[in-house]
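As a plain string of letters, each chain reads:
There are 2 protein chains.
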Amino acid sequence: MNQDTKHPTTVYLGARDIARIVRRKGLGACIADVARRIERDFLRWNDFDKSARVACHSEAGVIELMPIADARDYAFKYVNGHPRNTLDGLPTVMAFGVLADVATGVPRLLSELTILTAIRTAAMSALAARKLARAQSRSMAIIGNGAQSEFQAIAFRDLVGIRELRLFDVDTAATAKLAANLVGQGLKVTVCTSTADAVRGADIVTTLTADKQLATIITPAMIEPGMHLNAVGGDCPGKTEIDRGVLEGAAVFVEYEPQSRIEGEIQQMAADFEVTEFWRVLAGERPGRTSAAQVTVFDSVGFALEDFSALHFARDAAAELDIGSIIELVPRSADPKNLFGALGIEAPAGAAREVPAPAGANLAHFG
Amino acid sequence: MNQDTKHPTTVYLGARDIARIVRRKGLGACIADVARRIERDFLRWNDFDKSARVACHSEAGVIELMPIADARDYAFKYVNGHPRNTLDGLPTVMAFGVLADVATGVPRLLSELTILTAIRTAAMSALAARKLARAQSRSMAIIGNGAQSEFQAIAFRDLVGIRELRLFDVDTAATAKLAANLVGQGLKVTVCTSTADAVRGADIVTTLTADKQLATIITPAMIEPGMHLNAVGGDCPGKTEIDRGVLEGAAVFVEYEPQSRIEGEIQQMAADFEVTEFWRVLAGERPGRTSAAQVTVFDSVGFALEDFSALHFARDAAAELDIGSIIELVPRSADPKNLFGALGIEAPAGAAREVPAPAGANLAHFG
Numbered sequence: 001m002n003q004d005t006k007h008p009t010t011v012y013l014g015a016r017d018i019a020r021i022v023r024r025k026g027l028g029a030c031i032a033d034v035a036r037r038i039e040r041d042f043l044r045w046n047d048f049d050k051s052a053r054v055a056c057h058s059e060a061g062v063i064e065l066m067p068i069a070d071a072r073d074y075a076f077k078y079v080n081g082h083p084r085n086t087l088d089g090l091p092t093v094m095a096f097g098v099l100a101d102v103a104t105g106v107p108r109l110l111s112e113l114t115i116l117t118a119i120r121t122a123a124m125s126a127l128a129a130r131k132l133a134r135a136q137s138r139s140m141a142i143i144g145n146g147a148q149s150e151f152q153a154i155a156f157r158d159l160v161g162i163r164e165l166r167l168f169d170v171d172t173a174a175t176a177k178l179a180a181n182l183v184g185q186g187l188k189v190t191v192c193t194s195t196a197d198a199v200r201g202a203d204i205v206t207t208l209t210a211d212k213q214l215a216t217i218i219t220p221a222m223i224e225p226g227m228h229l230n231a232v233g234g235d236c237p238g239k240t241e242i243d244r245g246v247l248e249g250a251a252v253f254v255e256y257e258p259q260s261r262i263e264g265e266i267q268q269m270a271a272d273f274e275v276t277e278f279w280r281v282l283a284g285e286r287p288g289r290t291s292a293a294q295v296t297v298f299d300s301v302g303f304a305l306e307d308f309s310a311l312h313f314a315r316d317a318a319a320e321l322d323i324g325s326i327i328e329l330v331p332r333s334a335d336p337k338n339l340f341g342a343l344g345i346e347a348p349a350g351a352a353r354e355v356p357a358p359a360g361a362n363l364a365h366f367g
Numbered sequence: 001m002n003q004d005t006k007h008p009t010t011v012y013l014g015a016r017d018i019a020r021i022v023r024r025k026g027l028g029a030c031i032a033d034v035a036r037r038i039e040r041d042f043l044r045w046n047d048f049d050k051s052a053r054v055a056c057h058s059e060a061g062v063i064e065l066m067p068i069a070d071a072r073d074y075a076f077k078y079v080n081g082h083p084r085n086t087l088d089g090l091p092t093v094m095a096f097g098v099l100a101d102v103a104t105g106v107p108r109l110l111s112e113l114t115i116l117t118a119i120r121t122a123a124m125s126a127l128a129a130r131k132l133a134r135a136q137s138r139s140m141a142i143i144g145n146g147a148q149s150e151f152q153a154i155a156f157r158d159l160v161g162i163r164e165l166r167l168f169d170v171d172t173a174a175t176a177k178l179a180a181n182l183v184g185q186g187l188k189v190t191v192c193t194s195t196a197d198a199v200r201g202a203d204i205v206t207t208l209t210a211d212k213q214l215a216t217i218i219t220p221a222m223i224e225p226g227m228h229l230n231a232v233g234g235d236c237p238g239k240t241e242i243d244r245g246v247l248e249g250a251a252v253f254v255e256y257e258p259q260s261r262i263e264g265e266i267q268q269m270a271a272d273f274e275v276t277e278f279w280r281v282l283a284g285e286r287p288g289r290t291s292a293a294q295v296t297v298f299d300s301v302g303f304a305l306e307d308f309s310a311l312h313f314a315r316d317a318a319a320e321l322d323i324g325s326i327i328e329l330v331p332r333s334a335d336p337k338n339l340f341g342a343l344g345i346e347a348p349a350g351a352a353r354e355v356p357a358p359a360g361a362n363l364a365h366f367g
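Going line by line, the protein sequences match chains P and R.
All the letters of the first sequence, read from the start, carry residue numbers 1 to 367 under this note's numbering.
All the letters of the second sequence, read from the start, carry residue numbers 1 to 367 under this note's numbering.
Please keep in mind that the hints were generated in silico from the structure rather than gathered at the bench.
Certain hints may be false.
Since the list can't tell identical chains apart, any single copy or any two copies may satisfy a pair.
[What the hints assert, rightly or not] Below are the DMTMM-like pairs computed for lysine to aspartate or glutamate, each with C-alpha atoms no more than 25 angstroms apart in a straight line:
no., residue 1, residue 2
1, 50, 272
2, 25, 328
3, 25, 346
4, 188, 346
5, 50, 70
6, 50, 346
7, 131, 243
8, 50, 285
9, 188, 70
10, 188, 164
11, 25, 316
Computed from a prediction, not measured in an experiment: that's the story for all the values here.
One chain only, chain P, in its complex shape (with noise of 0.2 angstroms):
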């Protein structure tokens, strides 16, 4: 959807809108382009104005505000986490956000975020493990099986190279529906029968749990040497899924540390805990993986530069494919110091359209 760039209008993208875009360019290709643009706005990680999020905490989830902005583009994503959400038949995670010009405030693209935080939470965990996973990882273990599992096996087939899944959900009909969803999407998958189970053996271990708490989904004693841990469902205070000893004998990478250190799997790490920020990998500023036997865990919580590539996806997405509507969220005027004509409000019965004269001759004017 283009628009007019001199009147303050917006694209809104709803959820049907982003749908029809996956359906068009594919989940799979939907995800590798975002990858692609994570990529890039991380290599320019000092462009930005980074913020850790805003959260408001309630005993039920979390709403989250996640603001960031370059020299052109102001982005900001509303997002919750309400685990227990899915009782009532609603998803845990909600998102939308807007893509404004920095220049003069305008938002320019309102969008549904639900589908696109999945999407690129996935390419996120998948852009990390193809620099901190093994180079022959092919299976991976899947712990929680809820609305992101299906987006993180597309991605970690089509950009990590896993052609088997091992699946493992306290709640099985969850493990059931990502089965049958994965069905022809060419991956082998095991439905296994306990974490441990799903976790034996695999080059991948990516867990996508959602319980506001301090779990300890995986233990020190599944670890075997070499294992990548992909940690995407601890992304609050009080809600890791990681034991802190599996953590002691891994190198860990974070996307932005400040926001890690108070939401990530490392809020149980003292604060000096070495952590590496993963642009920094992209960047060659810093390794990624040392060694085949070591163990990496890619701390991920998501963060609003994510989003931003996100956005921009659908931005470009939209106006290639004409997906999307025109909404009036700002009114225009023809002069904008007229709000109160922009309101439409006739004038009084009666009243004469004079405008009184000035009280004195001459009038200033300073610059």
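Here the structure of chain P is known, so what remains is to put chain R in place on it, guided by the hints.
Showing chain R alone in chain P's frame:
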């Protein structure tokens, strides 16, 4: 617009919808309604999870996110401030916002807030002036005659009893626009030749200038005993309107002190310069004006709670008048764990829709 609360649907109110609500109810009635809601919400100040807004500054302006929540509702506003926008025919301030359920994170309302920000700012100013200006105030100077000015004029007419306005702006066309818009509104309007001319003899002085600089629109020489200053325009770091000498001789009231120390007129003052949060005056905890000769200043920067109140007004007015539309900002799915399924991707050709059997006989199922 009513909505199905069992599904994650969102009511959308664009700029035209809010303008329609204002035309149907009348601008004065809308301001009065929002003022009542702000008063009610300020009186339960401690129910809210408050924070200073998150600002992203650039050379051209600022983009801010303003979140707030009570136990039931989460609200945030996106708002920009770009003083040079009007040169390109764009508004200085554009805003929109969201109301969401704290219990589930579902975004229930997405509304324009450009018009509503003007309404809530005027409502807040008038509410403060009712407690802080002299009881018999009849005349008001308005310095800065842009987009916000008509709203302040109507609010002070209806809620404070102002009958005479003295207008000044360096942009004489803006003053002419304001004067024209106020014809027939029951206000005596005088166009003035300078700030000093406009301020002279006024009971209340409202400043609505937009420059992002440390300006001194109001100097000590202009101040007369008993004046109330409603300082609205200075609202971000490096942006002030009132000379510090004026503040030194006045009783200063703010919305939310942690934010005002950064953004308000009081950014010019020492960190221990005494100010009073206005909610304490409403609650009877602190006095407002204590003598007829006292100079009072409402150092208004705009606080998220006012937008919370305005969003509730919009929600209720839209439901009452059946205005707005339902959007699918969040994907609907029969199974919330099946986001992939909600994409509507067809199964690969030839794929059997069978689910592989579990590897073990006994499926583990915890909690």
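Consistency of the hints with the structure:
| no. | hint | verdict |
| --- | --- | --- |
| 1 | 50 / 272 | within (21 angstroms within a copy, 30 angstroms between copies) |
| 2 | 25 / 328 | between (28 angstroms within a copy, 21 angstroms between copies) |
| 3 | 25 / 346 | between (49 angstroms within a copy, 13 angstroms between copies) |
| 4 | 188 / 346 | between (69 angstroms within a copy, 19 angstroms between copies) |
| 5 | 50 / 70 | within (9 angstroms within a copy, 27 angstroms between copies) |
| 6 | 50 / 346 | neither (46 angstroms within a copy, 39 angstroms between copies) |
| 7 | 131 / 243 | within (23 angstroms within a copy, 57 angstroms between copies) |
| 8 | 50 / 285 | within (20 angstroms within a copy, 40 angstroms between copies) |
| 9 | 188 / 70 | neither (42 angstroms within a copy, 48 angstroms between copies) |
| 10 | 188 / 164 | within (5 angstroms within a copy, 80 angstroms between copies) |
| 11 | 25 / 316 | within (12 angstroms within a copy, 41 angstroms between copies) |
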